Amino acid sequence: MSPRSQLFLCLISALLAVMMNAATAETATEEELKAAYLYNLALFVQWPESHHRETFNICQYGADALGPGGLALTRRELHGRPVTVRVVDGMLVDDCDLLYIPALQKTDLQELTASLDGVNVLTVSDVPDAIRLGVTIGLLEDHRKIVFEVNLAAARAAGLMIGARLLNLAVKVTSDP
Amino acid sequence: MHFFFRLGLFPRQGGAVTPKPVVPPLSLQAAFRTFMIVSLFAQGARLTMAAESADELLDLSFEQLMNVEISAASRFLQKISEAPSAVSVVTAADIKAYGYRGLAEILRGIRGLYVSYDRNYSYLGVRGFNKPGDYNTRVLLLVDGHRVYDDIYDQVPLGSDFPLDVDLIEQVEYISGPGSSIYGSGAFLGVINVRTRDAGKFSHVEIKGEAASAGTYRGRASAGHEFANGGELLLSASIMDSAGRDLYFPEFDMPATSNGIARDLDQDRYYTLFGKYSWSGWELELTHAERTKGIPTASYDQTFNDPRSETVDGRTVLGARYARTWTSYDVLARLAYMNYRYDGLYTYDSPPAGANVDWARGEWWDAEIQFGSRAFSNHHLIIGADFHNNTRQDQVSYLADPYESYVDDRRTSKRYGVFAQDEIAILPGWLLNAGLRYDHYDANNQDIVNPRLALIGQLRETTSVKLIYGTAFRNPNAYEFYYYNPAFPHLPKLQPERISTYEAIVEERRPDGMRLAASVFHYDISDVITLITNPVDDGLQFVNTGDVSTNGVEFEVEQLWESGMRLRTSVSWQSAYDRAAGHRLVGSPEWLAQLNFSMPVLRDLATAAIDVRYMDSRSTLAGDAVEDHTIVNLTLSTGRLAHGLEVSASVYNLFDEEYFDPGSEEHIQDMIRQDGRGLRVSLSYRF
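Going line by line, the protein sequences match chains A and B.
Start counting the first sequence at 238; every next residue gets the next number (the working numbering).
Start counting the second sequence at 132; every next residue gets the next number (the working numbering).
Keep in mind the hints are simulated off the structure, nothing from the lab.
Predicted model only: the values in this text are computed from it and were never measured.
Ideal Cβ positions, reconstructed from N, Cα and C, are used throughout, including at glycine.
Wrong hints could be hidden among the right ones.
To be verified - Computed spacing ranges between beta-carbons, pair by pair:
id : chain 1 : residue 1 : chain 2 : residue 2 : range
1  : B       : W413      : A       : A401      : 39 to 45 Å
2  : A       : A401      : B       : L590      : 21 to 27 Å
3  : B       : W496      : A       : R318      : 56 to 62 Å
4  : B       : D377      : A       : L377      : 47 to 53 Å
5  : B       : Y633      : A       : A401      : 35 to 41 Å
6  : B       : W496      : A       : E348      : 54 to 60 Å
What the hints assert, rightly or not - A few chain A residues facing chain B, derived, Cβ under 8 Å:
id : residue
7  : A273
8  : R313
9  : R402
10 : N405
Take these sequences, add in the hints, and give me the full structure.
So, in structure tokens, the structure goes:
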């Protein structure tokens, strides 16, 4: 075997080793990206003036779907307030500023969003067709990138102002109730 | 795709067969040692990676987060505004909205590109460069990272011979400019990067039926499935049958040659099969396709209106790919086996009478690995290597009866390349992208080095500027080397074609949804490989001849409105000058313009789209010129209606514009008429 082929074989096996380790690795790419989305979305939404709280509370409905991304969020500030991230269940969502409903939760979105009527909370979900079910911002996966849709009627119901910059970047904006 | 031209000029000859190398036992020990060492290293590195990445992501601006991730310009995922080239993207939504029927039509909508069709194969012109008779050898076509071409003609299939149904395309990116510093030979003028759709897009089963003018019917069935382990499977099969119209060629308008009418000869049939399984960064793919095209033009001095004349092109691609991105590292590995089958039947009445059978068989595999690192601050380093083993490169041409062999050339070859690229943040907002690649070809014992240098500056939040210098080469292919070669040993050996390019690009992405791009370029192409008639013995021969200089300007505007309306329009001017001939390059249009506009209609239930293309006049081989033309296409397509039904209707060449593409050496026709008005209706149903 020529030295060149040997080198090639070594390179291939090196790669194989990297890949085998990678396959068992706990990766958090999607979680981190979604966390970054929540942060950026919250930056460009205005909550009502009367809405005072010490911390900016990001709640995940049912289960943790942000992983290390959530941890990174807690080192940040949003609207001048330190961010907290926690998992909530049932009706304990009153002190949430942002409620993230991960797709992995088999939640009845329509029921949940109806129960939030009048609460100043930004609802974000990656459940398919979330904005049709009363969620303000729906996250969609589009070929390895994340895009989002906005339901203005839901934002209005929650007393939130969605920034023009967000509306420009959204792939779809509806105002259907 | 050829021929054999000027019968009788080829001497009888034996095949030049390269003996197969004997494979020695593998050096497993060395491989195992490497495996263990890298394994340990990877374990250690992994622990430190996860924590910092989330923080880095939070530091990106929203636009950066959203920016289209581009997968080919620098090989790894990269944002378009930072790609060291001008990049154009056509998505699945565009393909549907504009009713694109094939890859050629998709590319036609991209600035600076145009396509000529000789009623057998489609040929891509890039920035004014595509002489009549050139194959598609100067662009690289990647489908999910795998090169789709063949190892004999290096021809990229763009017409109905493209082995993938357009409905399976998620995105086509065209990366303008030479890519040899990363991809090696072939990426001479640009790279076409096709991504197929994810299986998730075809949940359950989808069937589609289509009827169009010229007796054209197409059907497709696709099924997708997501497994519990997160794996996704997509299977799809398509079939197309087009009877074709009767075509009139004035050059043959004589009673003896059916008054110039080629009856039932423009037929086009194909089937394609596609399967893809992806799981956790892995992707396994199988593509298999075969296309049969009648030849209505009586190319290569065939008998006019002979129904037997046809070409068959078949391809199989079996590929595996693994890609993974961590915070500081990227890894990509790829392995593919491909084969190509070409069978041409060329028919002759006059002596030597009968049929000339021209066939080629190609078989090859390639492997590629890449490693990217962001571990050093201000650097994004990519190193990679690839290896191609052409295990079969057979070309045969013979007269069937009485048997007489013209070409019988069977061989194998290998090539490999290594490259490195570094993207350096030299100043805030400024990136320097420097790449270098070395290639070796054993067929002609050629060593080539190609650099690329790009300076990318973010002038303001919305404006970026790119200054790019690059070189590329194209090694002669097996067809150019050997099809005619044995007959003319006295000629000098073919050398690679070379190009150097200089380009400046300014891009502006405004928050109001407008994108503007302008580009100025200068290309110098030397040693262009051209088919000539050798004066010594009056035979055909490929030689390095001619230098071409191209200057050009492109301008593009894209606007998205909140209502869902979308406009993209571009104008390009280029002057390709053939320095040896002392005039503009034959077949090169000076002006090109494109306009695409789509808007939601019928309360967002459907999309109406108009697609307009203008092409300037082009000179022909006989010294004449085809007129300039404007083609308008209209498409109305619905979203998902009740019960998973989608409907689409298109009118192509709405105003029935009569237009021509220049003919090549093998055609009697100096100009070849293109299609007039055509209709297409399609229905798809999702269960």
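These are the hints, each one checked on the structure:
1. Roughly 41 Å separates the CB atoms of B:W413 and A:A401, a value that falls within the hinted 39 to 45 Å.
2. Separation of A:A401 from B:L590 is about 23 Å and conforms to the stated range, judged on CB atoms against 21 to 27 Å.
3. For B:W496 paired with A:R318, a C-beta distance near 58 Å keeps the hint of 56 to 62 Å intact.
4. One distance hint, 47 to 53 Å for the beta-carbon pair B:D377 and A:L377, holds here, with the actual separation near 48 Å.
5. The hinted range of 35 to 41 Å is satisfied by B:Y633 and A:A401, whose Cβ atoms lie roughly 39 Å apart.
6. Our hint of 54 to 60 Å for B:W496 and A:E348 holds, since their Cβ atoms are close to 55 Å apart.
7. Hint on A:A273 holds. Least Cβ distance to chain B is approximately 4 Å, under the 8 Å limit.
8. Given hint, A:R313 at the interface with chain B, holds; its Cβ is 6 Å from that chain's nearest Cβ, closer than 8 Å.
9. For A:R402, the interface hint holds, the least distance from its beta-carbon to any beta-carbon of chain B being 6 Å, beneath 8 Å.
10. Of the supplied interface hints, the one on A:N405 holds, with its beta-carbon coming within about 6 Å of a beta-carbon of chain B, less than 8 Å.
Comparing the model with each numbered hint stated earlier shows that all of them hold.
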